[in-house]
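Put together the whole structure using the sequences plus the hints.
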Amino acid sequence: MDVAQFLYHEARLLDTQQLEAWLELFTADATYWVPLEKDQRDPLETSSIIHDDKTLLDLRVKQARHPRAHARLPLARTVHQVSNVSAREKDGETEVHSTLVLVEFRNDKQRTWGASVEHRLRRDGKSWKIAHKRVDLVNSEGELDGIAILF
Amino acid sequence: MLVQPDRVHRSVYADAQIFDLEMEKIFGRAWLVLGHESQVKYEGDYFTTRMGREPVVVVRETKDRIGAFINRCAHRGTTVCAEGRGNAERFVCPYHGWSYDRSGMLKAAPFADGYAKETLAGMRLKAVPRVAAYRGFIFGSLSSSGESLESFLGPAKASFDDFVDRAPGGVLEVAGGVFKHAYNGNWKLMLENHLDGAHPAWVHASSVAVARGAPEPGKPGEEHYYDIAVRQMRQNGAPDSVWENTGMWTTPRGHGYMGDYHDDSRLVVGMGNPVFDSYRKKLAEEKGEKEADRALRVTLWNTVVYPNCSFMSQFRQMRIIHPLAVDRSVVYTYSFRMPGAPQRMFRDTIAFSNVVNGTGSWVLTDDLEVYERIQRGFASGAVEWAQIGRGYGRDVQEPGGAARGGTGTSEIFIRAQMRAWLDYMTAQ
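Chains as they are written, first to last, in this note's numbering: chain L, 18 to 168; chain A, -3 to 424.
I should point out that these hints are in silico values taken from the structure, not numbers from a laboratory.
Accuracy of the hints is not assured; some may be wrong.
In silico BS3-like links for lysine-lysine, alpha-carbon gap of 30 angstroms or less [claimed, not checked]:
1) L:71 / A:215
2) A:59 / A:37
3) A:278 / A:215
4) A:215 / L:79
5) L:79 / A:176
6) A:176 / L:126
All values derive from a computational prediction rather than experimental measurement.
Spelled out as structure tokens, the structure:
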């Protein structure tokens, strides 16, 4: 599968709320990071909107399925529009840059997100696994309503 | 009467005219938390914030003086200082170049000849009339008269003392980024939630459940990055008896704090952890064993400083709420580093902040959902009253002006906030 197709596949799993299948795309040592600050270098001593390892990401998906997950019941409907995909080899992994426009709708509120996204992918047979995903929202430092979706 | 001893009228949360009055009579008078001295360490350092709806700049005017002014040019009303923080010798309006010194005095205006001399003399950015600090925390009041900051804080000073006394050298600094989360709800809903021991089992049911399924915290020295946050989420699922036995204190100005809910063995990476041990050792070297023990045994949890702040001294998190409209609020969440403590401790603060208080948190997002649902309920005119009577009649007066709830789930903290609200709103 080429890299762009893989990213579209990932987006489709999120938009069809197949969160468990989406989680399977990540390696056991994966990190999923939505920084709080522009050009943020450090996830440990600066806050992040989301900074999850695979364990936390698994818990995040489990929370979304809990019958009293008030902010996630129902889950927001989303469309992930992925474009500007470019890839290069780096340190034995494939580093992919893309842009994301995401429309989210829930509780009569519609929001539009824009982000630069970086994936670090590892070969997995004919497909890929995500070792690292970083989503830099253009408004990460702005005043934001609560975030209960996955980018 | 909109506020009665055990119930509140819905319009207190939903009526835009009442909100306008609140901005004048509460946010226009009370001491408001503006920030911390570490945000303005050096002369000329400044940061922007709000006092109620007023845009404000807080600035270190001189080595020994912190001031604040309304961020509005005397000429044409422009905000002279862009949002954010920095260091400035002069604040120059982008519209016509009127420039003000660090104390807000007008120093120069182009085409000044066009005015009569006395028109410009003494012109300035309107000063926040009173600015004062308690143990490094900066407060301001938009009223030129009123009680002192210390009298306003009353017994709630103990919570600030706890915050500072835990830090080696008593030094804290704002660090690690600021979360800014907003919700479609009244500002009071947040303050009324932070001391509510009856809500976590319901509101946070989903994060409690997933935290129980999380891997067990690592052995001392081998903790996972997220253990501190998982512990906190699990603690939200504590049995009813824990909540009932939690201490709940309020003050005449509407402040409140919880105690006995956490101790360091349950919550902070506990005794036996090498990082915590070296921190404790440092405190003991500095203050003596006895005082270090005392400082670490103070277990004040959430503290509400009415009407604009809430903080957690053990986790060094502070939230400042800015009301935007009757049904819209924004909250800035700050983390504090203890420069004299092992660096690793700040990682726990950040992990805690991300998972518990952050905009993408497991925990906070469910609170925000509920605030918005309360606001929608209060918008309905079909039902008039909301109940604040749990534990009413069982409050205990304590020396020093505090009142303690009969049990930890008493709604005494809302009754105290509403009594303070009424005092502000009806004062001449």
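Right, here's what the structure says about each hint:
1. A C-alpha spacing of about 20 angstroms is found between residue 71 of chain L and residue 215 of chain A, which places the hinted pair at or below 30 angstroms, so the restraint holds.
2. Between residue 59 of chain A and residue 37 of chain A, the direct Cα distance comes to roughly 9 angstroms. Compliance with the 30 angstroms bound is thereby established for this hinted pair.
3. At roughly 22 angstroms between alpha-carbon atoms, residue 278 of chain A and residue 215 of chain A fall within 30 angstroms of each other, so this suggested pair holds.
4. Proximity of residue 215 of chain A to residue 79 of chain L is assessed by CA-CA distance (about 25 angstroms); at most 30 angstroms being required, the pair is judged to hold.
5. Of the pairs offered as hints, the one joining residue 79 of chain L and residue 176 of chain A holds, with about 26 angstroms between alpha carbons and a cut-off of 30 angstroms not exceeded.
6. Only pairs whose Cα atoms come within 30 angstroms are accepted, and residue 176 of chain A paired with residue 126 of chain L is accepted, the gap being roughly 19 angstroms.
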